[in-house]
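**Q** Each chain is listed here by its residues.
Protein chains: 2
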Amino acid sequence: MFKDKDFLLVDYVGKIKNTERVIDTTIEEEAKKADIHSEDKKYGPQLVILGEHRLIKGLEDALYNMNVDEEKEIEISPENAYGKRDPSKVKVVSLGELRKQGMTPYPGMPVRFSDGNFGIVKSVSGGRVYIDLNHPLAGETLVYKVKVVKHITETNEKIQALIDRWFPTSDKPGFELLNDSKVLKVRVPDKIFLLEDLQTRKLLLAREVINYVLEDFQVIYEETYTKQLLTR
Amino acid sequence: MFKDKDFLLVDYVGKIKNTERVIDTTIEEEAKKADIHSEDKKYGPQLVILGEHRLIKGLEDALYNMNVDEEKEIEISPENAYGKRDPSKVKVVSLGELRKQGMTPYPGMPVRFSDGNFGIVKSVSGGRVYIDLNHPLAGETLVYKVKVVKHITETNEKIQALIDRWFPTSDKPGFELLNDSKVLKVRVPDKIFLLEDLQTRKLLLAREVINYVLEDFQVIYEETYTKQLLTR
Numbered sequence: 001m002f003k004d005k006d007f008l009l010v011d012y013v014g015k016i017k018n019t020e021r022v023i024d025t026t027i028e029e030e031a032k033k034a035d036i037h038s039e040d041k042k043y044g045p046q047l048v049i050l051g052e053h054r055l056i057k058g059l060e061d062a063l064y065n066m067n068v069d070e071e072k073e074i075e076i077s078p079e080n081a082y083g084k085r086d087p088s089k090v091k092v093v094s095l096g097e098l099r100k101q102g103m104t105p106y107p108g109m110p111v112r113f114s115d116g117n118f119g120i121v122k123s124v125s126g127g128r129v130y131i132d133l134n135h136p137l138a139g140e141t142l143v144y145k146v147k148v149v150k151h152i153t154e155t156n157e158k159i160q161a162l163i164d165r166w167f168p169t170s171d172k173p174g175f176e177l178l179n180d181s182k183v184l185k186v187r188v189p190d191k192i193f194l195l196e197d198l199q200t201r202k203l204l205l206a207r208e209v210i211n212y213v214l215e216d217f218q219v220i221y222e223e224t225y226t227k228q229l230l231t232r
Numbered sequence: 001m002f003k004d005k006d007f008l009l010v011d012y013v014g015k016i017k018n019t020e021r022v023i024d025t026t027i028e029e030e031a032k033k034a035d036i037h038s039e040d041k042k043y044g045p046q047l048v049i050l051g052e053h054r055l056i057k058g059l060e061d062a063l064y065n066m067n068v069d070e071e072k073e074i075e076i077s078p079e080n081a082y083g084k085r086d087p088s089k090v091k092v093v094s095l096g097e098l099r100k101q102g103m104t105p106y107p108g109m110p111v112r113f114s115d116g117n118f119g120i121v122k123s124v125s126g127g128r129v130y131i132d133l134n135h136p137l138a139g140e141t142l143v144y145k146v147k148v149v150k151h152i153t154e155t156n157e158k159i160q161a162l163i164d165r166w167f168p169t170s171d172k173p174g175f176e177l178l179n180d181s182k183v184l185k186v187r188v189p190d191k192i193f194l195l196e197d198l199q200t201r202k203l204l205l206a207r208e209v210i211n212y213v214l215e216d217f218q219v220i221y222e223e224t225y226t227k228q229l230l231t232r
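Sequence order for the protein chains is A and B.
The first sequence begins at 1 in full-length UniProt numbering and counts up by one.
The second sequence begins at 1 in full-length UniProt numbering and counts up by one.
In case anyone wonders, no lab produced these hints; they're calculated from the structure.
Hints may contain errors.
[Stated by the list, open to error] Facing chain A, from chain B, some residues (calculated, C-beta under 7 Å):
1) HIS37
2) ALA206
3) TYR221
4) GLU222
[Stated by the list, open to error] Calculated lysine-lysine pairs in the PhoX-like style (CA-CA distance at most 25 Å, straight line):
5) B/LYS147 with B/LYS17
6) A/LYS185 with B/LYS185
7) B/LYS41 with B/LYS72
8) A/LYS100 with B/LYS100
9) B/LYS182 with A/LYS185
10) A/LYS172 with B/LYS227
11) B/LYS227 with A/LYS185
12) B/LYS72 with B/LYS3
13) A/LYS191 with B/LYS182
14) B/LYS191 with A/LYS185
15) A/LYS227 with B/LYS182
16) A/LYS3 with B/LYS227
17) A/LYS227 with B/LYS3
18) A/LYS147 with A/LYS57
19) B/LYS185 with A/LYS227
20) B/LYS145 with A/LYS182
21) A/LYS191 with B/LYS185
22) A/LYS185 with B/LYS145
23) B/LYS32 with B/LYS145
24) B/LYS172 with A/LYS227
25) A/LYS89 with A/LYS3
26) B/LYS191 with A/LYS182
27) B/LYS227 with A/LYS5
28) A/LYS147 with A/LYS41
29) A/LYS182 with B/LYS185
30) B/LYS5 with A/LYS227
31) B/LYS185 with B/LYS172
32) A/LYS172 with B/LYS185
33) A/LYS89 with A/LYS17
34) A/LYS5 with A/LYS145
Where is the CB? At the ideal position from N, CA and C, for every residue including glycine.
Take the sequences, apply the hints, and build the full model.
**A** See the structure below:
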């Protein structure tokens with residue numbers, strides 16, 4: 001039994017109930033088997049902070065009632081996953097219009113609209129193109145096999161788990177907890193000083209540290225430039 | 001008489017000798033008079049670090065032999081300004097070719113080539129377009145009226161001048177000089193945490209501090225996140 005703000009490491013395999021197609025998993029082997037393996041994704045038990053709503057509702061809800069090392073198979077209704085299908089979200093667009101924009105639509109083709117909406121071409125017939133703006137998994141009942149691998153309770157481990165979330169590569173910030181002054185000092189390694197979204201990662205890491213681990217602390221980032229570094 | 005790495009604040013007005021057209025100035029009134037005023041530019045005496053080669057050679061060279069409050073008019077040959085004109089840098093391109101790329105060239109039109117080179121259309125005749133890749137000021141003798149407004153010698157003032165260079169807006173980092181530990185601590189204000197090129201500015205500021213002011217110091221940037229900041 002867990003509660004809000006608990007840190008869990010979780011493994012799961014999620015499938016569409018009808019087709020048994022695997023749609024999401026933390027386990028590299030399973031991703032390969034299902035042909036959805038991505039080089040960019042970091043496999044292995046995933047950090048879940050309860051109440052954060054990063055997972056679909058049905059999966060997160062189930063975790064509250066589990067225990068460490070417990071494995072469960074849960075069925076999740078569309079309402080608790082990616083929503084019901086909304087038939088009004090199927091738009092009809094003229095084939096000529098799309099061709100003018102340089103597109104040659106075919107069933108299954110992804111389309112991004114100028115308002116940022118995203119759809120999939122369902123069919124093309126009689127000069128009309130049917131584009132479905134529903135989430136591709138809307139209307140699907142899902143089945144997740146899920147296991148709580150670890151319950152993280154130590155402050156230092158929680159901080160490290162959040163650092164791993166935002167800095168999954170090998171160049172990770174180190175940290176030092178100064179309890180007396182209520183400061184978490186985070187040292188950014190020079191190798192990532194010019195990382196494109198470094199500032200955003202720092203902001204999000206600080207937000208989660210303060211929201212979930214050290215409510216009344218300050219997070220201070222330190223970046224040190226030396227002559228050696230600058231002449232390298 | 002000044003030497004390498006000296007910090008000067010300098011005012012100048014630069015003109016093309018032949019036409020007397022003003023091409024560059026630190027003085028807002030002069031920029032307005034010459035119709036080259038830019039809202040983005042920060043007017044007022046400019047920081048010059050001798051030996052940095054940020055100014056054209058003829059202008060920087062002249063500064064070494066001046067004194068504070070001295071004003072001088074200097075004539076600068078093309079070789080010590082923007083170089084001689086190179087006739088081989090005038091390219092002939094077919095009008096049809098440019099039209100295919102959606103351009104309608106006219107004399108004075110700036111053209112950017114796919115290799116990054118930049119040119120100005122000189123003339124269009126008989127289906128041929130002459131594009132000059134020389135710097136627009138190549139071949140020109142320049143006349144600069146220049147004044148050394150201040151010689152900055154205090155370490156703290158030098159650091160402040162470099163901060164002003166890289167953070168010209170009102171949200172400036174503060175700093176603290178820790179001489180015992182040979183550290184310059186620079187505190188970045190939270191208002192600019194998400195400034196697009198913050199990391200580049202931090203790098204360049206640190207480089208100049210170490211190169212020109214505090215050779216054997218470390219520059220440590222501090223960025224502090226608080227709950228108040230994150231919930232704002």
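**Q** Decide, hint by hint, whether the structure agrees.
**A** Evaluated hints:
1. Using the Cβ-Cβ criterion of 7 Å, the hint placing B/HIS37 at the interface with chain A is not satisfied: the shortest such distance is roughly 33 Å.
2. Checking B/ALA206 against chain A: minimum C-beta separation of about 4 Å stays under 7 Å; hint holds.
3. About 5 Å separates the beta-carbon of B/TYR221 from the nearest beta-carbon of chain A, less than 7 Å, and the hint is met.
4. Nearest Cβ of chain A to the Cβ of B/GLU222: about 6 Å, under the 7 Å cut. The hint holds.
5. A threshold of 25 Å between alpha carbons decides the hint, and for B/LYS147 with B/LYS17 the separation of about 19 Å falls inside it, so the pair holds.
6. Under the criterion of a C-alpha separation no larger than 25 Å, the hint pairing A/LYS185 with B/LYS185 is consistent with the structure, at around 14 Å.
7. Of the pairs offered as hints, the one joining B/LYS41 and B/LYS72 holds, with about 24 Å between alpha carbons and a cut-off of 25 Å not exceeded.
8. This hinted pair checks out: A/LYS100 and B/LYS100 have alpha carbons roughly 20 Å apart, not beyond 25 Å.
9. For the hint linking B/LYS182 to A/LYS185, the alpha-carbon distance of about 20 Å falls within 25 Å, and the restraint holds.
10. For the hint pairing A/LYS172 with B/LYS227, the CA-to-CA distance comes to about 23 Å; that is within 25 Å, so the pair holds.
11. Proposed proximity of B/LYS227 and A/LYS185 is supported: the alpha carbons are some 15 Å apart, at most 25 Å.
12. Straight-line distance between C-alpha atoms of B/LYS72 and B/LYS3 comes to about 18 Å, which keeps the hinted pair within the 25 Å bound.
13. With a C-alpha separation of about 22 Å, the suggested pair A/LYS191 and B/LYS182 falls inside the 25 Å cut-off, and the hint holds.
14. A distance of roughly 20 Å separates the Cα atoms of B/LYS191 and A/LYS185; the hinted pair therefore holds under the 25 Å criterion.
15. Between A/LYS227 and B/LYS182 the CA atoms are separated by roughly 12 Å; this keeps the pair inside 25 Å, and the hint holds.
16. Distance check on the hinted pair: A/LYS3 and B/LYS227 sit about 22 Å apart at the alpha-carbon level, within 25 Å; holds.
17. About 22 Å separates the Cα atoms of A/LYS227 and B/LYS3, which keeps this hinted pair within 25 Å; it holds.
18. Distance hint between A/LYS147 and A/LYS57 is fulfilled; the C-alpha atoms sit about 16 Å from each other, no more than 25 Å.
19. Of the pairs offered as hints, the one joining B/LYS185 and A/LYS227 holds, with about 15 Å between alpha carbons and a cut-off of 25 Å not exceeded.
20. For the hint pairing B/LYS145 with A/LYS182, the CA-to-CA distance comes to about 56 Å; that exceeds 25 Å, so the pair is violated.
21. The straight-line distance between the Cα atoms of A/LYS191 and B/LYS185 is roughly 20 Å, inside the 25 Å bound, and the hint therefore holds.
22. Only pairs whose Cα atoms come within 25 Å are accepted, and A/LYS185 paired with B/LYS145 is rejected, the gap being roughly 51 Å.
23. About 17 Å separates the Cα atoms of B/LYS32 and B/LYS145, which keeps this hinted pair within 25 Å; it holds.
24. Of the pairs offered as hints, the one joining B/LYS172 and A/LYS227 holds, with about 23 Å between alpha carbons and a cut-off of 25 Å not exceeded.
25. Restraint check for A/LYS89 and A/LYS3: the C-alpha separation of about 37 Å exceeds 25 Å, so the hint is violated.
26. A threshold of 25 Å between alpha carbons decides the hint, and for B/LYS191 with A/LYS182 the separation of about 22 Å falls inside it, so the pair holds.
27. Restraint check for B/LYS227 and A/LYS5: the C-alpha separation of about 17 Å stays at or below 25 Å, so the hint holds.
28. With a CA separation close to 19 Å, the supplied pair A/LYS147 and A/LYS41 stays within the 25 Å bound.
29. For the given pair, A/LYS182 sits about 20 Å from B/LYS185 by alpha-carbon distance, which is consistent with the 25 Å threshold.
30. As the CA atoms of B/LYS5 and A/LYS227 are separated by approximately 17 Å, the hinted pair is consistent with the 25 Å bound.
31. Between B/LYS185 and B/LYS172, the direct Cα distance comes to roughly 14 Å. Compliance with the 25 Å bound is thereby established for this hinted pair.
32. Restraint check for A/LYS172 and B/LYS185: the C-alpha separation of about 22 Å stays at or below 25 Å, so the hint holds.
33. As the CA atoms of A/LYS89 and A/LYS17 are separated by approximately 23 Å, the hinted pair is consistent with the 25 Å bound.
34. Restraint check for A/LYS5 and A/LYS145: the C-alpha separation of about 22 Å stays at or below 25 Å, so the hint holds.
Checked against the numbered hints given earlier, the structure breaks hints 1, 20, 22 and 25 and satisfies all the rest.
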